[in-house]
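**Q** Hey, can you work out the whole structure from these sequences and the hints?
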Amino acid sequence: MSEAAVSHYLTEFDRFKNNRLSDWLPKQRADALEYLQSNGFPTRKREKWKYTDVSPITRRKFTLGPATPEAVDGGFIDTLRFSGLDCHDLVFINGGFSENLSRAGNLPDEVTARSLASVKSENPALPERFLTGPGEEIDHAFTALNIVFLNDGALIHIPDGTQVPAPIHVIYATDKNTESIMSHPRNLIVLGRQARATIIETYAGGEDTEYFTNSRTQILCQDSAQLDYYKIQQEGHRAFHIGNTKIRQQRNSRIDCHSLSLGGSLARSDIDVELDEPGAEINLNGLYLANNRQHIDNHTLIEHKQPHTVSNEHYRGVMGGRARAVFNGKVIVHEQAQKTQAHQSNANLLLSGNAEVDTKPELEIYADDVKCSHGATVGRLDENMLFYLRTRALDKDTAKSLLIYAFADEVIRNIKLPELRKRLEYNVVGELPDTDLIKGFMK
Amino acid sequence: MTDQTPEVEELVHKEYKHGFVTEIDTDTVAPGLNEAVIELISTKKDEPDWLLEWRLQAYRRWIKMPEPDWAHVHYPAIDYQAISYYSAPKSGADGPKSLDEVDPKLLETYEKLGIPLHEQKMLAGVAVDAVFDSVSVATTFKEKLADAGVIFCSFSEAVQNHPELVRQYLGSVVPAADNYYAALNSAVFTDGSFCFIPKNTRCPLELSTYFRINAANTGQFERTLIVAEEGSHVSYLEGCTAPMRDENQLHAAVVELVALDGAEIKYSTVQNWYPGDENGVGGIYNFVTKRGDCRGADSKISWTQIETGSAITWKYPSCVLRGDNSIGEFYSVAVTNNYQQADTGTKMIHLGKNTRSTIISKGISAGRAQNAYRGLVNIGKRADNARNYTQCDSLLMGDTCGAHTFPYIETKNATAVVEHEATTSRISDDQLFYCRQRGIDEEDAINMIVNGFCKEVFKELPMEFAVEAQKLLNLTLEGAVG
Amino acid sequence: MLTIENLQVSVEKKQILKGLSLAVQAGEVHAIMGPNGSGKSTLANVLAGREGYEVTSGIIKYDDQDIFDLAPEERARKGIFLAFQYPVEIPGVNNIYLLKAAVNAVRVHRGEPELDAVDFLKIVREKMQLVKMDESLLNRSVNEGFSGGEKKRNEIFQMAVLEPRLAILDETDSGLDIDALKIVAEGVNTLRNENRAIVLVTHYQRLLEYIVPDQVHVLSDGRIIKSGDRGLAIELEEKGYDWIKQEARAA
Chain A
0 MSEAAVSHYL TEFDRFKNNR LSDWLPKQRA DALEYLQSNG FPTRKREKWK
50 YTDVSPITRR KFTLGPATPE AVDGGFIDTL RFSGLDCHDL VFINGGFSEN
100 LSRAGNLPDE VTARSLASVK SENPALPERF LTGPGEEIDH AFTALNIVFL
150 NDGALIHIPD GTQVPAPIHV IYATDKNTES IMSHPRNLIV LGRQARATII
200 ETYAGGEDTE YFTNSRTQIL CQDSAQLDYY KIQQEGHRAF HIGNTKIRQQ
250 RNSRIDCHSL SLGGSLARSD IDVELDEPGA EINLNGLYLA NNRQHIDNHT
300 LIEHKQPHTV SNEHYRGVMG GRARAVFNGK VIVHEQAQKT QAHQSNANLL
350 LSGNAEVDTK PELEIYADDV KCSHGATVGR LDENMLFYLR TRALDKDTAK
400 SLLIYAFADE VIRNIKLPEL RKRLEYNVVG ELPDTDLIKG FMK
Chain B
0 MTDQTPEVEE LVHKEYKHGF VTEIDTDTVA PGLNEAVIEL ISTKKDEPDW
50 LLEWRLQAYR RWIKMPEPDW AHVHYPAIDY QAISYYSAPK SGADGPKSLD
100 EVDPKLLETY EKLGIPLHEQ KMLAGVAVDA VFDSVSVATT FKEKLADAGV
150 IFCSFSEAVQ NHPELVRQYL GSVVPAADNY YAALNSAVFT DGSFCFIPKN
200 TRCPLELSTY FRINAANTGQ FERTLIVAEE GSHVSYLEGC TAPMRDENQL
250 HAAVVELVAL DGAEIKYSTV QNWYPGDENG VGGIYNFVTK RGDCRGADSK
300 ISWTQIETGS AITWKYPSCV LRGDNSIGEF YSVAVTNNYQ QADTGTKMIH
350 LGKNTRSTII SKGISAGRAQ NAYRGLVNIG KRADNARNYT QCDSLLMGDT
400 CGAHTFPYIE TKNATAVVEH EATTSRISDD QLFYCRQRGI DEEDAINMIV
450 NGFCKEVFKE LPMEFAVEAQ KLLNLTLEGA VG
Chain C
0 MLTIENLQVS VEKKQILKGL SLAVQAGEVH AIMGPNGSGK STLANVLAGR
50 EGYEVTSGII KYDDQDIFDL APEERARKGI FLAFQYPVEI PGVNNIYLLK
100 AAVNAVRVHR GEPELDAVDF LKIVREKMQL VKMDESLLNR SVNEGFSGGE
150 KKRNEIFQMA VLEPRLAILD ETDSGLDIDA LKIVAEGVNT LRNENRAIVL
200 VTHYQRLLEY IVPDQVHVLS DGRIIKSGDR GLAIELEEKG YDWIKQEARA
250 A
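Chains as they are written, first to last, in numbering that gives the first Met the number 0: chain A, 0 to 442; chain B, 0 to 481; chain C, 0 to 250.
Worth flagging that the hints you see were computed from the coordinates, not collected in a lab. Beta carbons are placed, not taken as given, at the ideal position from N, Cα and C, and that holds for glycine. Fair warning: there could be bad hints in the mix.
In silico DSSO-like pairs for lysine-lysine, Cα to Cα no more than 30 Å straight-line [said to hold, decoys possible]:
hint : chain 1 : residue 1 : chain 2 : residue 2
1    : C       : 99        : A       : 338
2    : A       : 175       : A       : 60
3    : C       : 99        : B       : 458
4    : B       : 352       : A       : 49
5    : B       : 198       : B       : 458
6    : B       : 346       : A       : 370
7    : B       : 380       : B       : 454
8    : B       : 411       : A       : 44
Residues from chain C that keep clear of chain B, each with C-beta distances beyond 10 Å, as calculated [unchecked claim]:
hint : residue
9    : 50
10   : 62
11   : 66
12   : 115
13   : 145
14   : 157
15   : 230
16   : 242
**A** Okay, structure coming up:
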């Protein structure tokens, strides 16, 4: 199966070669093709893919689609924008940049927030520095594929000392009319010294189409930079999503990262963080909601490489129907990373007898003067709480929805942007059973 | 901390207390493994054909299996053809009938180990089935046990005297080809212990076995099988020490426990095999498969282990909670110092309804040691109202060691409640200073704090074992902080 | 009993004590007062032998013996007791067990026989009354989950059992409500006798209403800038620390 998939993508690559960007970074593409041919796609025998079988993706034949605005209707994109929030929207359709649908926000002049392809045509040095440097290791066939088909994405550069008040919102939408489109978005985000920014990535597509998004984001935060980073995965219910975010942090930088996994029939999200210099801090929040036959897999890796680094990780999941969720959070504290603080928690709520969760919080610690902990729980709705709510006259379904909402809100309430928080509250409620009943409590 | 005082320096270099070799003639088969060697072992032990066939099938599966490499341990490749798979004390060829017939040198060995066999009969009602290398040479309290209907004997004797029981239960918990080391054990095991507790019987004694590894280059492949029938109860103690040796020795034991309806088995281990010297030379490779099957409703299996020895430990005493309302417990203290490596933990497989499991794991790492907890909690689809509570704490002493936690939690049932908590910390300077300010010297303060850290596990041990365990712990960590 | 001359101490290269001198005789109670950061806790920790404090010059003599080279436990066995400002929690270590080990370490040092459990418990029960300590705290882990007040009582209770010759109470009053403060103070007063010296380290004079000191010293910027009797503490309370700092600068 894997060989057939590899050969399919090799054929697709031949087609892609006509693209104007395909001759860019020839060595990286050749290496990635080589990797793909010799390793194939990961199987469940690989520890990192133990609970996720990617054959639903590999047995389908996805192809590249046109980046024409007609592929989606503007109204759909509008539902993804944050009305009432002054955002800089970069919109990509089927992986390619759409000038028409994008909207410039109020950005300082020195800030770059544009399509990677257009930056490349003017000044390839900046993206090349990152695309050929550290953080570009090939972890598995999907990261290789992303390089093979590297074409476009967002390039965001906030220079030293620049504060960006407006959130930069990168929207990836896939064709809702054509089946089996694939896209391989690539984002490069660099915050200079003392820079501050809020960046949101949204992934969405047609509710009734089958498509495949294989994204990759690289983030570098230099000294004392502060980034609020949101990844909202709300792909259509027949979609496949593989996403990979690599974060590197320098001295005293701080990232508040929120990963929301709401859509997709099979979705896998990896966030790898390297705390490379003293004082670097990451707060990693995640929420995953899975229903029907969804399979949602979240993997995180936090590496404390230097002393006085801090990580706080908090992931929560709610699973109903026949859904299956996977959480794997690994924290590595390297030998020289004394005075590290690393705390991780993962809580799971199972709503149905056929739902399933596999969680694996891991600590690998090679330094002694550290404070590390992790916890994981799996449970159902608390009977006592349900009973209490019902004695206060709530019907059972409403009480349930309310408790589920309260569970998920532990993550959502940490989101700083009120518009985004509100959107997510509605999104989450929208995913819950008896949405209408509980909406009354939201006002 | 302070500079190392001369005393601490001395303690750091303190040599392994049980390091000595008894000169004794052994009947050892030339190194190497093939079907002929297995036939030879089986013939020497006068085994029935079905057992030979069982061994050969395990062997045929084993040669096709890859050696596992997923554990968080590193060691040079083992040459399985360089190991001698059978060794028996010559003087025991005909089997001693009583202590008087036992080779005096053997008895002397036990004295050195602090196991006064002669006094055992008077002591706290503990029966001892001592395994010297692979053949059992002494058993006590047989009569008292026989009165209660309890069968407690060497595995070889069980094969001769109770073949139907052995055949019924052998491999029923750990199948012959369960994993690489279990398959190897199934092919070549030479002896071990067998224990059978009949219906509604409370075993009148704590059963214990002391294992020793003695003959050079002889892999040890014990096989233990404990069957507790309906409503019965047994507490089994296993303790190990080993003489000093420079070459690594492989130890791949298999322990199978079967608990039928309402039965309870408590299995306690103190493992203090030779860990290698302070440079990481020598030491035992301890690759053990231990599994209990709560086959009946309301049954309970409890594992308690104090692991202070071995160069490498690879061990996951597990419970299959098949019967409704069955209970599995795992209490572990694993201590690693110098270059020791441990990858240990448990598996709790919840299959029945209302099954409960508790995992308390305490890992202590010092020197250049690596200590990993690896555990699986699996809640099956039909395991309604299953509950698990896991707590695993790691204590680090010194900045060159590592502590790792790899829990797997797999839940397929929405009525399950699973809780996992883990912490990693070190003995804080504040805690040490507080104790010292109260007049307690550093070494004692460390021992107190470490013992406090392990208390939840020690309290699960039978009294006499708890004392031994604390001593071992202190001994293993002597000089670890300086 | 205790003589400190020109003590200079640095922590992480920063000088905290800059030439402190103090003499305490048996039977006396001295209060050392000072604003935050004046070096009060440093003094207490140096006396008890905590590491990380570099004594760059000066002398500390206890019973005419230089104690610089003594480990904390050796000082403790010789009768120096520190009641901590923030008593640490030690999970899994039984409170009463720690105390028994401590008592016997001191007794062995003095050449006395170790106490057996019965005799030890007799003393414990007697001393518990002193600070009205709840018996349930005895069998808990050291300070684990204790309230702030319980921790402070536990410190004075340990002091009562260990019967030190020199007791240093580091901000024992902080975090105590008035009732708890009275109980602790009564406990300390009961322990006052002609053979024992007590050094109270405190920020406020409140404690001194209940434990009347023989001498009061004001510590500021690493030195004792003024000494006097109880009246000095009251004056401080009225006029604040700035007044005395100015006076010291003027002088």
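**Q** Would you mind marking each hint as holding or not holding in the structure?
**A** Consistency of the hints with the structure:
no., hint, in the structure
1, C:99 <-> A:338, "34 Å, violated"
2, A:175 <-> A:60, "17 Å, holds"
3, C:99 <-> B:458, "20 Å, holds"
4, B:352 <-> A:49, "27 Å, holds"
5, B:198 <-> B:458, "28 Å, holds"
6, B:346 <-> A:370, "27 Å, holds"
7, B:380 <-> B:454, "35 Å, violated"
8, B:411 <-> A:44, "21 Å, holds"
9, 50, "7 Å, violated"
10, 62, "16 Å, holds"
11, 66, "13 Å, holds"
12, 115, "18 Å, holds"
13, 145, "14 Å, holds"
14, 157, "7 Å, violated"
15, 230, "33 Å, holds"
16, 242, "35 Å, holds"
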